[in-house]
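With the sequences and hints as input, model every part of the structure.
Those letters in the sequence shown? Residues 1 to 333, by UniProt numbering.
In case anyone wonders, no lab produced these hints; they're calculated from the structure. Mixed in with the good hints, there may be bad ones.
To be verified - Have a look at the derived ranges for each label pair, beta carbon to beta carbon:
(1) K98 x L211: 51 to 57 Å
(2) L211 x Q80: 29 to 35 Å
(3) Q10 x A37: 31 to 37 Å
Quick caveat: nothing in here was measured; it's all calculated off a predicted structure. We treat Cβ as the ideally placed atom computed from N, Cα and C, and that holds for glycine.
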Amino acid sequence: MAASKLSSKQTTLFESKCAKISAFYFDLDNTLIPTRAGDSKAIRKLSDLLESQYHFSKDDALLSTQTFLKSFRRCPDNTQTSLDSWRTHLWRESLPPKYKHFADEIYPQWLRLRYRYLAVPADYVQLLTRMRRAGYALALITNGPSNAQWEKVARLNVRGYFDCVLVSSDLPWEKPHPEIFYAACNFLNVKPHECAMIGDKLETDIKGGHLAQLGLTFWTPLSSSSSAAQSLDDVEYKPHHKLNQLLELYKYFPRLNAVAQPDAPSTSSRRSSYLSGGLTGASGSGSGSGCSSSTSSQRSQPEKRQAAYRRGGSLPAMDCSNSEAENSCDSFL
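Rendered as structure tokens:
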């Protein structure tokens, strides 16, 4: 059923599964936000700025920005220091000797450009809002270092669109471990077969959706022209359906077209959502994965379970390593 063209019988089965979905689980990077493409655009723009504003040669600007991007992608966070300090360190290491003193100035300019190009597309925002208005529960499930992922959530104003946000480094599991999906099910009070996972990675998002026995998995390949996107013959855990873009979901879930045109949430309401989600600090580091919260007396059972997870009081003993946590680069400084 992973192919775009389905037989009549497959179509009927697929439509039946779609009708049973009551919750959507989204991956963050390269699914909801264009992380890889956005980072590349930001670094190209910054290279031009290094030439024009700091008088780098073209070769020095290109080498510096590419060296930083490789180092940053390899190691985006260091738990022994702040995000700002770590990234400034990476810039200082990436710059030629005569330009290293500019690291403190270059870093904030890169950060500004980065989040300009990582912005959630307006039509994706509308899709999320329509999903909420249509009565679907929404969860964001992302692998990665806690501080770095929560910074994205805060700066890109996505927290307010989701009932639940789970970052793997806050928990004993990461995708594809089924328990991270079950945690979202518990928080949202839904059954696994009522949920659809949407993500770009076969080995985490799609495999994890199958291991957790979710109702549907939608694959959004990073590049539609890649060889992996063309053939799934050798893939053990195949997606139920491949999406060329998220907006194709409108075709499979008619309820999304039946709701009124959504208005974008106000800045004040979004800010309230972020604060309730446990985000602190200028760089957006968080105190743990969270679901939409309220006062303690008003919390639903899923929210109370989430609060227990955040406190660490009910975490089960798991021999399940988090690869992102293991590669948090604590030894680099």
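Here's how the hints hold up against the structure:
{"no.": "1", "hint": "K98 x L211: 51 to 57 Å", "result": "holds, 52 Å"}
{"no.": "2", "hint": "L211 x Q80: 29 to 35 Å", "result": "holds, 33 Å"}
{"no.": "3", "hint": "Q10 x A37: 31 to 37 Å", "result": "holds, 32 Å"}
Against the hints set out earlier in the document, no violation occurs for any number.
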